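There are 2 protein chains.
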Amino acid sequence: VFSGREIRLVARPRGNPVTEDFALAVVQYDEPAPGQVLVRNLWMSLDPGVRARMNHGPSYAPSFNVGSSLDGSAVGEVIASACEGFLPGDLVVHRAGWRELALLQPGVASSLPPRHVRPDGVPLQAHLGALGHTGFAAYVGLFETAALRPGDVVFVSAAAGAVGSVAGQLSGLRGHKVVGSAGSEAKVRHIVDNLGFDAAFNYRDGPVAEELHRVCPGGIDVYFDNVGGEHLESAIGAMRDHGRVALCGSVSTYNGDTSKGLRNEFQVVSKRLTLRGFLIADHLHMWDRFLEEVTPLVMSGQLVQRESVVDGLENAPAAFISMLAGGTLGKSLVRLVP
Amino acid sequence: VFSGREIRLVARPRGNPVTEDFALAVVQYDEPAPGQVLVRNLWMSLDPGVRARMNHGPSYAPSFNVGSSLDGSAVGEVIASACEGFLPGDLVVHRAGWRELALLQPGVASSLPPRHVRPDGVPLQAHLGALGHTGFAAYVGLFETAALRPGDVVFVSAAAGAVGSVAGQLSGLRGHKVVGSAGSEAKVRHIVDNLGFDAAFNYRDGPVAEELHRVCPGGIDVYFDNVGGEHLESAIGAMRDHGRVALCGSVSTYNGDTSKGLRNEFQVVSKRLTLRGFLIADHLHMWDRFLEEVTPLVMSGQLVQRESVVDGLENAPAAFISMLAGGTLGKSLVRLVP
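From first to last, the protein sequence lines are chains V and F.
Per the working numbering, the first sequence starts with residue 1, numbered consecutively.
Per the working numbering, the second sequence starts with residue 1001, numbered consecutively.
Check before you lean on any hint, since a few could be wrong.
Claimed, not checked - Capping the alpha-carbon separation at 16 Å, the derived lysine to aspartate or glutamate pairs in EDC-like fashion look like this:
hint, chain 1, residue 1, chain 2, residue 2
1, V, 271, V, 241
2, F, 1177, F, 1205
3, F, 1271, V, 282
4, V, 177, V, 152
5, F, 1260, F, 1230
6, V, 260, V, 230
7, F, 1260, V, 282
8, F, 1271, F, 1288
9, F, 1177, F, 1193
10, V, 271, F, 1282
11, V, 177, V, 198
12, F, 1271, F, 1311
13, V, 271, V, 282
14, V, 260, F, 1230
15, F, 1260, V, 230
16, V, 260, F, 1198
If you're looking for bench data, these hints aren't it; they were derived computationally from the structure.
None of these values were measured; they are calculated from a predicted model.
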C-alpha cells in the first residue's frame, strides 16, 4: 500500500483564488491493477489554465468539481507497474499533477496520453517547460495556428511567462521582429535583455494600444495571445492586413473580470484577420517535429527558460496564486521530491 | 458634354445618419479621354458597409472624405467609350454608384474592376444582388472563409437582408440546417416561409443568446456574421467545437455603439474556434465558379431575393437610412432610370 498527498478544490474562487480554496488530502493506493502504472511525481507544472477550470462552466477541459483533486502536467518515476511498456524507474510525463503519487492507465484513451521521457541531458523539469506541453503550445500556436510566415512581425503577451517566453524566442530565433508585453519593469528588461525580444512594454504603464504602438509603430502580423481582453482588442487594432491571432489562453478573464470586452470586431473584417483558438491535444502529430527542433535549442542554451520553483506539494496553492498575480518569471514549477 | 447628379457626404454622421449628412450635386463630364468609359447608371446598390466608410478611420475600404461623392456597386450602360473592349450599349457592373453618370477607367488597377454583364435572362438588378457582389459575399463567406462542411449547422444574422438571405439559402439548398435572426416578426416569417430557413428569431425579442438557444438548442458550427456585437458573442457561446465564423460586416457597430463588446474570447480557445474576416476583392478567382453555381438557382427561382426599390438618385439617402434602421427586406436598390 502506497500513500501520497493531493490538492483538492474545496471552494470555487470568486475573483482571485485564496489558499482557503484548496485543501491537502492523503490518498492510499493499492498495487497497480492490470493496465495501471503508479508514478511518484518529481515535478509538477503550475499553469494559468487551471484557474479557468476552477470556474463552473465550459472551459478548455472539464471544470474541476468541488471536493475533487486538481490536475495538470507532471513528470515522475514509475514505482510500480502492471502495464506493458512501463517499468519501475521509467520517467514519464503525464497529466496527473497536483499530487505526489499518480495512478495512470496508459491504455485508456486520453487527449494527452502519458509519454516516456528519454534521458537527453536536459534537466528533468524542462519536460514540463520548453520541451513539454508549455513549449509545445508555443510551437503549435506560432507555426500551425498562426501559420507564421517569413517577414511577420510578432507580438506576444505574457511574454515573460512560460509559454510566451518560448513563443517569443522561437519567433526571434527564426529572424522575426518580436515584441512582448509583461506586468513589471523587471520582466520587461528580462524579455529584452535575456530573451532577445526586439522591444517590450509594461502593460500597467498605460493603455495597451498606446504602449504597443509606441514599441511597434509599424504594426504587427501575428499576435500570440495568452491574455485576452484589452490585449486582444489592442492587438487587433495594431494588426496589418491578413494578420493572424493564435488564442492560447485569456488569463485576464479567468477571474471573472470581463469588463473590457472586445469592441473592434469590424477591423477583423476590414483587415481580413484570422483569430483562432487552439488546444495542443489536437496537434500531437507535430510532437516529434517539435522535439526535434526545440531540443537542440534548449540544450545549446539558445532558448532560455527561467524557472520559478517552490518545494513541496503543500506550497503549490500559494505558488499558483502568486503566478496568477504576476509574481513569477518563466515556468512555474513545484518540486515534489527534494 | 454630359451632365449627371451625384450624392456627396457633407457631414460625418454621429450615430444614425440623417438626410442632412448627404447632398446632391451636378457634375459635368467631357467625352471620355483615352482609356475612359462613360456609363449611364441604371441601378445602384445600397450597402450597409457604406455607413462604416462614412466614419473617420480605418474601414474595409477608404473612408469617404467630407465633401466627396460616395460610391458603391452599380450597373449601367456604356454611352461613350475610348477604351478597348467597351462599346456603347454594353452593360457593365462597377463600383461607381451613388451617381447617375460614371466615368470608369477599366485599365487602372482596382480591387473590384468593372465587369461586363451578359444578357442571361435575369433582371438586370440581379447583378447587384444574388448574382453580384452581394451574392458573391455570401458565397465566399460560406464556402471559402467558413469552409462549410457536410453536416454543419449554420446561423446567419441579418438573414432577411441582401447578403444574409443568400447565405442562408445557399446553406439550405446544400442540405444544411440553417437558422437566422432578423429585426421584425414579418422578416422572421419571410425567412422561414419564403427562404427555407429551418428556424428564425427576432433579435428584439430578448437576449440573442437565449433566442439562439431556443431555436437551435444543439448548437451551431458556422456563423455568418453581418452584425457583430451581441450577435457575435452569442454565436461564439452557441458554437460547437471547431466552429467557424465568417465575419462579413458588423452593422451593429457602424453607428458607434460598441457598448456590447465581445467578452467570451476564452471560448474561442476552449472550443478551438476560428473567426475570420473577409473582403470579396481577395477572392475574385472564385467568381466564375460562383456564377456557374448560383445563376441557375436564380433563374429557376430556387434562390429567392426580395428587393426594396426606390426611384431616383435623390431618394437614395433616405432609402439608405431606412435600410440601416431595418426598414427594408432583401436587396435595397435605387432605380436611376425609370
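A quick look at each hint next to the structure:
1. V/271 x V/241: holds, 4 Å
2. F/1177 x F/1205: Not OK: residue 1177 of chain F and residue 1205 of chain F at ~22 Å, beyond 16 Å, violated.
3. F/1271 x V/282: holds, 11 Å
4. V/177 x V/152: Holds. Residue 177 of chain V to residue 152 of chain V sits at ~7 Å (cutoff 16 Å).
5. F/1260 x F/1230: holds, 6 Å
6. V/260 x V/230: holds, 6 Å
7. F/1260 x V/282: violated, 32 Å
8. F/1271 x F/1288: The given pair, whose Cα atoms are some 35 Å apart, is violated under the 16 Å limit.
9. F/1177 x F/1193: holds, 15 Å
10. V/271 x F/1282: holds, 11 Å
11. V/177 x V/198: holds, 6 Å
12. F/1271 x F/1311: violated, 48 Å
13. V/271 x V/282: violated, 28 Å
14. V/260 x F/1230: Satisfied, since the Cα-Cα distance of roughly 14 Å is no more than 16 Å.
15. F/1260 x V/230: Holds, because 14 Å separates the two Cα atoms, which is no more than 16 Å.
16. V/260 x F/1198: violated, 35 Å
In terms of the numbered hints stated before, the structure departs from hints 2, 7, 8, 12, 13 and 16, listed from lowest to highest.
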